[in-house]
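Peer 1: Here are the chains, one letter per residue:
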Amino acid sequence: MRKVLAITQRELRGYFDSPVAYIVLVTFLLVAGWMYFSALFLMGRADMRPFFAPSIFSPSMLLVVLVPAITMRLIAEERKTGTIELLTTMPIRDGEVIVGKFLAAMGLIGAALLLTFAYPLTVASLGPLDWGPVISGYLGFILFAASLLSIGILCSTLTTNQIVAFIVSFLVCAALYYVYWLQFFVPSFLAPLFEFVSVSFHLDNMARGVVDSRDVLFYLSLTIGGLLLAVRSLQAQHA
Amino acid sequence: MENDSAPIVEARSLRKDYGPTRAVEDISFKVSRGEVVGFLGPNGAGKSTTMKMLTGYLRPTSGSALVAGIDVAQDPLAAKRLIGYLPENAPLYDEMMVVDFLNFVADMRGVNGPERQKRLREIGGRCGLMDVLGKNIGQLSKGYRQRVGLAQAMVHDPDLLILDEPTSGLDPNQIVEIRELIKELGREKTVILSTHILPEVQASCGRIIIINKGKLVADDTPEVLTGAEGRAVVRLVVKASNGTPLSESDVRGALTSVPGVVAVERTDGEGDGTLGFRIRAAGALDPREGIFRAAMQGNFVLLDLHRERVSLEDTFRQLTLGQGGSHA
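Chains as they are written, first to last, in the numbering used here: chain X, 432 to 670; chain R, 196 to 523.
If a hint is listed, it holds; no wrong ones were tucked in.
Straight line, CA to CA, 25 Å or less: simulated DSS-like cross-link-like pairs of lysine-lysine:
(1) 384(R) - 313(R)
(2) 511(X) - 337(R)
(3) 313(R) - 434(X)
(4) 434(X) - 330(R)
(5) 511(X) - 330(R)
(6) 384(R) - 225(R)
(7) 410(R) - 225(R)
(8) 330(R) - 313(R)
Keep in mind that the hints were calculated from the coordinates and are not lab data.
If we strip away everything but chain X, and leave its shape as in the complex, we get (with noise of 0.2 Å):
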């Protein structure tokens, strides 16, 4: 575990020591502000609803360009210097690597939602706010960060090059996001198909205050599952 943390820590302080964290916290908090409180403002309620709820163009759509940013050097990185050669060759274990540097992701994303707590808190102060919701859809957002990251991993270790990481994560990403809106443009027995396999459903259904296991486990499933075949992409690597 200390091993997993060391990494961890070395992958945050990379991400604070150069500009990315501060693009990706500055980005999300002004569009995601943005975004939110010009719903707000329209709605004339106290409700976080419209900052959790996915949409063409929302909070969680943002999330989909900003998780292949932090994601792509990840692996991608160490792979083009060869620093992978070193840190395979340390007594870690490739799954270890991953867990590492997913937590370290994991944290710029919970860093850039902690940030978004000031919206909740304001909000409660003009006017009443049910923290239920608000409670239920912060887990979703993690939920839901979690699974793009481990896609956005998994693609940092299939190539040396981060831009290909980025491309390839983000279409990945936008397909699993967007495709629960092509339901209604698809024969109706694969509608129920192509609305479950979305990221955004789930998302919605929590951002609507309910935690529903059937969600909870779909983004668990699909965040290891990205793990496990990211490990096994590194694996194959120095097979």
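Using the hints, position chain R against chain X.
Peer 2: The following block gives chain R in isolation, referenced to the frame of chain X:
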């Protein structure tokens, strides 16, 4: 030198295929504790691939690598704990400060508590890093990078150091420094290093393994490989003893009949009336005595007679170009 009881490294018929290309083919050797072994071979011969298999970075296609009796592929974590490894080109985290990087390695290697500070200070001193601890690795010169790479490999005080081209890209002064450091390390640890610089291995290794096209072509001490034993070459210059001009064929005939001599080549003499020869002898026999006798009988005078050491370059070329290597 051979201590078969406990080899710290043992390669058993290691083979590695990259797709259809065979990078390493059936390499076997043993390294005993305390040896300093040099891997020598042209670029692309399979030195790095072999090292990567020993350190557990690559899994052999077949065969196995054992470190202190542990199969690296079976129990990689246990094996990796025993090894300090400097990969080729010293890949390091450029954005980290030297001191942070060494602390990170100590975390990964489980060097903790009060022991860590002591250890890091000792290594920092040994590798001459004290002045650059606060610098970013990316700003360091190649020589310092290489030293950080060495320091990184020594953090957990491993018994076995595997260094892939530790002196590549360094200037002559830096090469000497690193070589000294390796020599010093070799006194207490087992070191396996690879290089394609020949004086390098001659200077620091007690044993040389030459690899060519993925195959092991020689495994011996530098003395043997440079011909102090066995492959002697003798140069001589002869002159007629009584003024009558020498016939080359007579002398050649006399020399060829000397026991141990396998080849006689004509070389330049030392002016009028002299003839030069270069003789190759096989086996452990020293042909000089026989040559002296032949000169007495053949009635010619030896102006010069000396044994020439085959340079490691010669042996290397012979071994790596000799085997169908015209397109290499």
